[in-house]
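Residue numbers (this note's numbering), protein chains in the order written: chain W, 1 to 417; chain D, 1 to 417.
For the record, the hints were derived by calculation from the structure and aren't laboratory data.
Some clues are possibly wrong.
[Stated by the list, open to error] Listed next, the stretches of chain D that the computed footprint assigns to chain W, with coverage defined by at least 3 CB atoms under 8 Å from CB atoms of chain W: (1) 30-40; (2) 58-64; (3) 204-213; (4) 283-294; (5) 308-319; (6) 340-352; (7) 396-406.
[As the list claims (entries may be wrong)] In silico contact screen, one side only, chain W against chain D (beta carbon under 8 Å); selected entries: (8) 20; (9) 29; (10) 45; (11) 79; (12) 109; (13) 114; (14) 237; (15) 247; (16) 251; (17) 285; (18) 293; (19) 294; (20) 326; (21) 327.
C-beta atoms are modelled at their ideal positions from N, C-alpha and C, and glycine is treated no differently.
Protein chains: 2
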Amino acid sequence: MPELDPMLPAPALFGEIDPPQRLLMGPGPVNAHPRVLRAMSADLLGQFDPEMTGYMNQVMALYRPVFGTANAWTMLIDGTARAAIEASLVSLVVPGDTVLVINFGRFGLLLQEILGRIGARIVTVDAPWGEVVPMAAIAEAIAAYGPKVVACVHGDTSTTMAQPLEGLGELCRAAGALAYVDATATLGGMEIAADRWGVDVVTGGLQKCLGGPSGSAPITISDRAAEHIFARRHVEQGIRRDDIVDGAGVRIGSNYFDLAMIMDYWSEKRLNHHTEATSMLYAARECARVALGEGLAARFARHAASGRAMTAGLRAMGLTVFGDDAHRMTNVTGVYIPAGIDGERVRTMMREHFEIEIGSAFGPLQGKIWRLGAMGYNAMRHKVLITLGALEACLAAEGFVLPLGAAVPAALAAWVA
Amino acid sequence: MPELDPMLPAPALFGEIDPPQRLLMGPGPVNAHPRVLRAMSADLLGQFDPEMTGYMNQVMALYRPVFGTANAWTMLIDGTARAAIEASLVSLVVPGDTVLVINFGRFGLLLQEILGRIGARIVTVDAPWGEVVPMAAIAEAIAAYGPKVVACVHGDTSTTMAQPLEGLGELCRAAGALAYVDATATLGGMEIAADRWGVDVVTGGLQKCLGGPSGSAPITISDRAAEHIFARRHVEQGIRRDDIVDGAGVRIGSNYFDLAMIMDYWSEKRLNHHTEATSMLYAARECARVALGEGLAARFARHAASGRAMTAGLRAMGLTVFGDDAHRMTNVTGVYIPAGIDGERVRTMMREHFEIEIGSAFGPLQGKIWRLGAMGYNAMRHKVLITLGALEACLAAEGFVLPLGAAVPAALAAWVA
Numbered sequence: 001m002p003e004l005d006p007m008l009p010a011p012a013l014f015g016e017i018d019p020p021q022r023l024l025m026g027p028g029p030v031n032a033h034p035r036v037l038r039a040m041s042a043d044l045l046g047q048f049d050p051e052m053t054g055y056m057n058q059v060m061a062l063y064r065p066v067f068g069t070a071n072a073w074t075m076l077i078d079g080t081a082r083a084a085i086e087a088s089l090v091s092l093v094v095p096g097d098t099v100l101v102i103n104f105g106r107f108g109l110l111l112q113e114i115l116g117r118i119g120a121r122i123v124t125v126d127a128p129w130g131e132v133v134p135m136a137a138i139a140e141a142i143a144a145y146g147p148k149v150v151a152c153v154h155g156d157t158s159t160t161m162a163q164p165l166e167g168l169g170e171l172c173r174a175a176g177a178l179a180y181v182d183a184t185a186t187l188g189g190m191e192i193a194a195d196r197w198g199v200d201v202v203t204g205g206l207q208k209c210l211g212g213p214s215g216s217a218p219i220t221i222s223d224r225a226a227e228h229i230f231a232r233r234h235v236e237q238g239i240r241r242d243d244i245v246d247g248a249g250v251r252i253g254s255n256y257f258d259l260a261m262i263m264d265y266w267s268e269k270r271l272n273h274h275t276e277a278t279s280m281l282y283a284a285r286e287c288a289r290v291a292l293g294e295g296l297a298a299r300f301a302r303h304a305a306s307g308r309a310m311t312a313g314l315r316a317m318g319l320t321v322f323g324d325d326a327h328r329m330t331n332v333t334g335v336y337i338p339a340g341i342d343g344e345r346v347r348t349m350m351r352e353h354f355e356i357e358i359g360s361a362f363g364p365l366q367g368k369i370w371r372l373g374a375m376g377y378n379a380m381r382h383k384v385l386i387t388l389g390a391l392e393a394c395l396a397a398e399g400f401v402l403p404l405g406a407a408v409p410a411a412l413a414a415w416v417a
Numbered sequence: 001m002p003e004l005d006p007m008l009p010a011p012a013l014f015g016e017i018d019p020p021q022r023l024l025m026g027p028g029p030v031n032a033h034p035r036v037l038r039a040m041s042a043d044l045l046g047q048f049d050p051e052m053t054g055y056m057n058q059v060m061a062l063y064r065p066v067f068g069t070a071n072a073w074t075m076l077i078d079g080t081a082r083a084a085i086e087a088s089l090v091s092l093v094v095p096g097d098t099v100l101v102i103n104f105g106r107f108g109l110l111l112q113e114i115l116g117r118i119g120a121r122i123v124t125v126d127a128p129w130g131e132v133v134p135m136a137a138i139a140e141a142i143a144a145y146g147p148k149v150v151a152c153v154h155g156d157t158s159t160t161m162a163q164p165l166e167g168l169g170e171l172c173r174a175a176g177a178l179a180y181v182d183a184t185a186t187l188g189g190m191e192i193a194a195d196r197w198g199v200d201v202v203t204g205g206l207q208k209c210l211g212g213p214s215g216s217a218p219i220t221i222s223d224r225a226a227e228h229i230f231a232r233r234h235v236e237q238g239i240r241r242d243d244i245v246d247g248a249g250v251r252i253g254s255n256y257f258d259l260a261m262i263m264d265y266w267s268e269k270r271l272n273h274h275t276e277a278t279s280m281l282y283a284a285r286e287c288a289r290v291a292l293g294e295g296l297a298a299r300f301a302r303h304a305a306s307g308r309a310m311t312a313g314l315r316a317m318g319l320t321v322f323g324d325d326a327h328r329m330t331n332v333t334g335v336y337i338p339a340g341i342d343g344e345r346v347r348t349m350m351r352e353h354f355e356i357e358i359g360s361a362f363g364p365l366q367g368k369i370w371r372l373g374a375m376g377y378n379a380m381r382h383k384v385l386i387t388l389g390a391l392e393a394c395l396a397a398e399g400f401v402l403p404l405g406a407a408v409p410a411a412l413a414a415w416v417a
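Bound conformation, chain W alone (with noise of 0.2 Å):
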């Protein structure tokens, strides 16, 4: 036996996990469906398994109506939302080639980041925040530039909007350009029609509309970007096969975000790649689960209410709303934060009196909003009311004049209109 270092500290164990029950109204994370939490404690299972592959099959025919295809290739990516990103674009993009970013937020900030770590020419088409690009703008940077993808984001949670898709894949396919579509903040909550809108690969997370834990991240990719994306396979040495050739494309510059190996994980092939996160499989195949037994139709309703109630009962109290109405993701609202009020005093209040979380903001709105979230298991009449009745109380007791008593009975309205 191995002798250990007595000079590190005895190590304590601190308590067992015992989390406070916050209610979790910000842009995301959200408290997650109990049946996606009870998921994760079922048992494991070896990861070439016939129940396991099983399940991972599974797990590509839930999701293929939540993203709205019929793409074979939809499954997951092991990671957080941001891994799904890293993983289509270091996938889709050689370095050097041009691509285009519809940039209206942070989220646009950070596909050309990751954009940048991979050696793409870059070029973007803007809008401010608070604001979409227009169709038309589009189809004018994409003539302008000729870029090899598209990248954009759905729901921008930095600034509340959602980016009109319909029609965006016939223009990339005029121009043999792909089109990556980041939908984490809006993928189960707001429709995603990857089929209909032509889109290539668009990916999404578990954290925000679909209710669960972050950590495993939805993918769909078409046989189109499949067959690009193969061109690129490099099977790793150690688990060479004959049945797996490599294609004559440039290497992916990254091994766990190598969907042609991923791909090929997912596939009946079974190659060997990364082991899969088999509790968070669970819990992305519950989330699909609860999803598509509410109808993603009356899920998407529902998120819409939400988004209408708390909008209607923030503007009930005398606040002013953030970006262009036509334009607004129905599950995250800004909402300015009064002149002379703290915004961070009100957020701690609201998490220490009500045990209600709601979010800040980035970059230029850091400071000037607050985001409000009505997300998955939260995008609920009776969670929005009880945010509206606690932020109304916290805004009084700070001294900001505002009629009390309005906000719940006006979002009760919007609710059902």
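Given chain W, work out where chain D should sit, using these hints.
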């Protein structure tokens, strides 16, 4: 409301998650400790909630003794064990750097694979599969190649060998190299002495000796390595702050795996990066609490007893154990498939009749050996005995002539040895 595409098939919801209760006695993943599975069903928290950042700090404290280190930078990477390997290498290695890989199995090949994509100049010092690399050969290779980084697997499950690492850090420091160790398959089961070995970055996974699910990867980083990594810091657009200054070094090629930003996220700076995978963090925290509660020395002894018992039982059946006895991992044992026996038929019989999974093998060992693990929650006497009894029955059913009833008593005798 957008209409859903009526052409999409109505989604099947499949059943509730209900996996069969397999006993996973392969090279990992293994069954998770029930306390770990239960921890994951705790409610979620916002990522900058003080309760959440408190749990993050506890995780840092809990993993220091697990890694045998006082390193401040001890935390989690959100992905499988392979994610932490790539994060380490992409953050340590600048394209063009010479990296020496200590190569004695499939996971040494994986290190090379990842390094190749990063653009490293790779040199190796090798041992045949089933042996380890003598420290004198490593010293010679360091002297000959002058590497910037030396990368090594501690326990390579593909060959069941554990590379001795005493003195590696001293050699590396003398040569001005940083040392990286992949301890995925040994962390929590064999001693990891990051500080005594003097190595700079060590990574692991939960799904082997720590008895948790795949999907979160502990990592520890020396101050020396952290300084090197922070010199490459490049905070992404949209979240830049005056108190976090970019370094002058070459930007890290990945955003998700940028250890500088991940360290800023885990530090008091709380830089926004990914959304921490909360349920997996709960799991990782509980894995460490279970391990430290048992006591690391007792835990290593239990793994060693399991390995001794498994090896003794296999030999008592007349089977030949694979590889160098002096450098065997305690927690996984390779054994030759006897002549005339179909290895996959036996594995299927083990699974279908006994609900026990044992492992096949990779590369040059595929079809030649089975790999039997006894890791984490499964490194227990009764599970080793059950596995040996089942294997004996399967081999006998397949016509292999063996001394019936010999394996279990041999294993029992070896357990206490």
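Q | Coverage claim, chain W over the stretch 340-352 of chain D, checked by counting residues with Cβ within 8 Å (three needed) | A | violated (count 1)
Q. Under a C-beta cut-off of less than 8 Å, do 3 or more residues of the stretch 283-294 of chain D approach chain W closely enough to confirm the stated coverage?
A. holds (count 6)
Q) Three or more residues of the stretch 58-64 of chain D near chain W by CB distance under 8 Å? A) Check passed, 4 qualifying residues.
**Q.** Within 8 Å of chain W (C-beta), three or more residues of the stretch 204-213 of chain D
**A.** Three-residue rule met by the stretch 204-213 of chain D, so holds; n is 3.
**Q.** Status of the hint placing residue 247(W) at chain D (closest C-beta pair under 8 Å)
**A.** violated, 15 Å
Q) Holds or violated: residue 326(W) as interface residue toward chain D, Cβ cutoff 8 Å? A) Because about 15 Å separates residue 326(W) from the closest Cβ in chain D, which is outside the 8 Å limit, the hint is violated.
Q) With 8 Å as the cut and Cβ atoms as the points, is residue 327(W) at the interface with chain D? A) violated, 14 Å
Q. Holds or violated: is the Cβ of residue 237(W) closer than 8 Å to a Cβ in chain D?
A. holds, 4 Å
Q: Using 8 Å as the Cβ threshold, decide whether residue 20(W) counts as touching chain D.
A: holds, 6 Å
Q. Has the stretch 30-40 of chain D got at least three residues whose CB is nearer than 8 Å to a CB belonging to chain W?
A. holds (count 7)
Q) Do three or more residues from the stretch 308-319 of chain D put their C-beta atoms closer than 8 Å to C-beta atoms of chain W? A) That given contact is violated, which follows from only 0 residues of the stretch 308-319 of chain D lying within Cβ reach (below 8 Å) of chain W.
Q.
Min Cβ distance, residue 251(W) to chain D: is it shorter than 8 Å?
A. With a closest approach of 6 Å, the residue 251(W) hint holds.
Hint compliance for this structure: hints 5, 6, 7, 15, 19, 20 and 21 are broken, all remaining hints hold.
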